[in-house]
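Student: Chain by chain, the residues:
Number of protein chains: 4
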Amino acid sequence: MAVPARLTDDEIQTRLADVPEWRLEDGALCRDVKRKDFAQAFGFMSSVALIAEAMNHHPDWSNVWNRVAIRLSTHEAGGITELDFELAKRIDQLP
Amino acid sequence: MAVPARLTDDEIQTRLADVPEWRLEDGALCRDVKRKDFAQAFGFMSSVALIAEAMNHHPDWSNVWNRVAIRLSTHEAGGITELDFELAKRIDQLP
Amino acid sequence: MAVPARLTDDEIQTRLADVPEWRLEDGALCRDVKRKDFAQAFGFMSSVALIAEAMNHHPDWSNVWNRVAIRLSTHEAGGITELDFELAKRIDQLP
Amino acid sequence: MAVPARLTDDEIQTRLADVPEWRLEDGALCRDVKRKDFAQAFGFMSSVALIAEAMNHHPDWSNVWNRVAIRLSTHEAGGITELDFELAKRIDQLP
Chain A
3 MAVPARLTDD
13 EIQTRLADVP
23 EWRLEDGALC
33 RDVKRKDFAQ
43 AFGFMSSVAL
53 IAEAMNHHPD
63 WSNVWNRVAI
73 RLSTHEAGGI
83 TELDFELAKR
93 IDQLP
Chain B
3 MAVPARLTDD
13 EIQTRLADVP
23 EWRLEDGALC
33 RDVKRKDFAQ
43 AFGFMSSVAL
53 IAEAMNHHPD
63 WSNVWNRVAI
73 RLSTHEAGGI
83 TELDFELAKR
93 IDQLP
Chain C
3 MAVPARLTDD
13 EIQTRLADVP
23 EWRLEDGALC
33 RDVKRKDFAQ
43 AFGFMSSVAL
53 IAEAMNHHPD
63 WSNVWNRVAI
73 RLSTHEAGGI
83 TELDFELAKR
93 IDQLP
Chain D
3 MAVPARLTDD
13 EIQTRLADVP
23 EWRLEDGALC
33 RDVKRKDFAQ
43 AFGFMSSVAL
53 IAEAMNHHPD
63 WSNVWNRVAI
73 RLSTHEAGGI
83 TELDFELAKR
93 IDQLP
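Residue numbers (the working numbering), protein chains in the order written: chain A, 3 to 97; chain B, 3 to 97; chain C, 3 to 97; chain D, 3 to 97.
I should point out that these hints are in silico values taken from the structure, not numbers from a laboratory.
Since this is a predicted model, take the numbers as computed values, not measurements.
The reader is advised that the hints may include incorrect statements.
Each pair may be met inside one copy or between any two copies, as identical chains are not told apart.
[What the hints assert, rightly or not] Restricting the straight-line Cα-Cα distance to at most 20 Å, the calculated cross-link-like pairs of lysine to any residue (SDA-like) are:
| id | residue 1 | residue 2 |
| --- | --- | --- |
| 1 | 36 | 68 |
| 2 | 38 | 56 |
| 3 | 38 | 7 |
| 4 | 91 | 37 |
| 5 | 38 | 12 |
| 6 | 38 | 77 |
| 7 | 91 | 15 |
| 8 | 91 | 29 |
| 9 | 36 | 23 |
| 10 | 38 | 80 |
| 11 | 36 | 58 |
| 12 | 38 | 97 |
| 13 | 38 | 11 |
| 14 | 91 | 12 |
| 15 | 38 | 71 |
| 16 | 38 | 88 |
| 17 | 38 | 58 |
| 18 | 36 | 92 |
| 19 | 38 | 59 |
| 20 | 91 | 39 |
| 21 | 38 | 9 |
| 22 | 36 | 10 |
| 23 | 36 | 59 |
| 24 | 36 | 64 |
| 25 | 91 | 56 |
| 26 | 38 | 67 |
| 27 | 91 | 17 |
| 28 | 91 | 33 |
Input sequences plus hints: build the corresponding full structure.
Tutor: The following block contains the structure:
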């Protein structure tokens, strides 16, 4: 699979409007997710893991109990690409 | 932890009213769960796995893509116990 | 993705030699896996889930505590295909 | 469950000898784990998640593809306790 092109700042700003849960921070697309408890947070993480593996595009993420902090960027492109917005949208479809 | 007592048929019938998603089948408390796709079904399973491990009471379950079939009984008690209804209720609280 | 062709009995027998952990049963490729406990069995299942989702080819499987029974077949092809052997091989590479 | 007592620096140093994979860093017990790929790293994380939930003691952890960085401390005790060493030992028993 070819590496997608790095998006320009303008392109990123335009696409951010489609994913209101996400913000731009330190060159990555970021979202903080909070669930009821650890069991629900980890269930959410498992769904994200399956989606990410199927896209072969993986998050840089951390978890403390019921909180999950997700950072998306495309290392090979040196920035944010369509892949990151695609993954963000799929994550947002989870319950 | 002591093994809880096996519930009588009358006790089971009374408690079934509290968990309308579940049915009695072949001596087990059963529920079939359907999610949107495999990613969501497996996320659900991960949450159930954490809850089950914390209770040290595990389901007999199967999965095919977006469907999960759960059977609960307490092997050491030779039937259904309070533990099964407790696990059923916690499962029902998942999104 | 095109559905792969159903393998003939001879083709299946030949390929079974490559995956000695698996057996043919009721028209499916089957393996029973046992781990030390539920935590390890479910960790194994999570790895399998990611691999399956990436292949878009999912197992028919069940779990009771430290045991996982996996059945592979290709529903759309009405039998066993190369996809099943491919998934079997990837599963066998897991620790 | 009562919160265990915060261990002194001497007590921590003594116990660190039992878990050679772990180091003390910024007041937490830390270990970096690397697996073959994301599927194996997330399978490992799932096992850890089950163990942590059963202990009701959860890691502060992050993941990027095949790497998992784990930090253990006991927030309620304001430092490292026996719980952290217990969780570390159980994590080290995973394949």
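Student: Are the hints correct? Go through all of them and say.
Tutor: Right, here's what the structure says about each hint:
Taking CA atoms no more than 20 Å apart as the test, residue 36 paired with residue 68 passes inside one copy only; the shortest distance there is 6 Å, against 24 Å between copies. In the homo-oligomer, the alpha carbons of residue 38 and residue 56 lie at most 20 Å apart only across protomers (16 Å), although the nearest pairing inside one protomer, at 27 Å, exceeds that limit. With identical chains, the CA atoms of residue 38 and residue 7 are never at most 20 Å apart, being 37 Å at best within one copy and 28 Å at best between copies. Proximity of residue 91 to residue 37 under the C-alpha cut-off of 20 Å is found in both arrangements, the shortest distances being 18 Å within a copy and 18 Å between copies.
For the homomeric pair residue 38 and residue 12, neither the shortest alpha-carbon distance inside one copy (36 Å) nor that between copies (34 Å) is at most 20 Å. Taking the closest pair of Cα atoms, residue 38 and residue 77 come within 20 Å of each other only across two copies (19 Å); inside a single copy the shortest separation is 32 Å, beyond that limit. Taking the shortest alpha-carbon separations for residue 91 and residue 15, only the intra-copy value of 15 Å comes in at or below 20 Å, while the best inter-copy value is 44 Å. For the identical chains of this complex, residue 91 and residue 29 are intra-copy neighbours only, at 18 Å inside a copy versus 37 Å across copies, given an alpha-carbon limit of 20 Å.
Taking the shortest alpha-carbon separations for residue 36 and residue 23, only the intra-copy value of 12 Å comes in at or below 20 Å, while the best inter-copy value is 27 Å. For the homomeric pair residue 38 and residue 80, neither the shortest alpha-carbon distance inside one copy (35 Å) nor that between copies (24 Å) is at most 20 Å. Taking identical chains as interchangeable, the C-alpha atoms of residue 36 and residue 58 lie at most 20 Å apart only when they sit on different chains, with a minimum of 18 Å there against 25 Å within one chain. In this assembly of identical chains, residue 38 and residue 97 lie within 20 Å of each other by CA distance both inside one copy and across copies; the values are 12 Å within and 10 Å between.
Taking the closest pair of Cα atoms, residue 38 and residue 11 never come within 20 Å of each other, the shortest separation being 35 Å inside a single copy and 35 Å across copies. In the homo-oligomer, the alpha carbons of residue 91 and residue 12 lie at most 20 Å apart inside one protomer (19 Å), although the nearest pairing across protomers, at 45 Å, exceeds that limit. Proximity of residue 38 and residue 71 under a CA criterion of 20 Å is satisfied intra-copy only: 15 Å inside one chain copy versus 24 Å between copies. For the identical chains of this complex, residue 38 and residue 88 are inter-copy neighbours only, at 18 Å across copies versus 26 Å inside a copy, given an alpha-carbon limit of 20 Å.
In the homo-oligomer, the alpha carbons of residue 38 and residue 58 lie at most 20 Å apart only across protomers (15 Å), although the nearest pairing inside one protomer, at 29 Å, exceeds that limit. Taking identical chains as interchangeable, the C-alpha atoms of residue 36 and residue 92 lie at most 20 Å apart whether they share a chain (17 Å) or sit on different chains (19 Å). Proximity of residue 38 and residue 59 under a CA criterion of 20 Å is satisfied inter-copy only: 16 Å between copies versus 27 Å inside one chain copy. When the C-alpha separation of residue 91 and residue 39 is checked against a cutoff of 20 Å, the pair qualifies only between copies, where the shortest distance is 16 Å, while the shortest distance within a copy is 23 Å.
With identical chains, the CA atoms of residue 38 and residue 9 are never at most 20 Å apart, being 35 Å at best within one copy and 30 Å at best between copies. Taking the shortest alpha-carbon separations for residue 36 and residue 10, neither the intra-copy value of 30 Å nor the inter-copy value of 33 Å comes in at or below 20 Å. With identical chains, the CA atoms of residue 36 and residue 59 are at most 20 Å apart between copies only, with a shortest distance of 18 Å across copies and 22 Å within one. Within a single copy, residue 36 and residue 64 get their C-alpha atoms as close as 12 Å, and across copies as close as 16 Å, so both meet the 20 Å cut-off.
For the identical chains of this complex, residue 91 and residue 56 are neighbours both inside a copy (14 Å) and across copies (18 Å), given an alpha-carbon limit of 20 Å. For the homomeric pair residue 38 and residue 67, the shortest alpha-carbon distance inside one copy (9 Å) is at most 20 Å, but the shortest distance between copies (26 Å) is not. In this homomeric assembly, residue 91 and residue 17 come within 20 Å of each other (Cα to Cα) only inside a single copy, at 11 Å, whereas the closest approach across copies is 40 Å. Within a single copy, residue 91 and residue 33 get their C-alpha atoms as close as 11 Å, which meets the 20 Å cut-off; across copies the closest is 31 Å, which misses it.
Of the numbered hints stated above, those contradicted by the structure are hints 3, 5, 10, 13, 21, 22, listed in ascending order.
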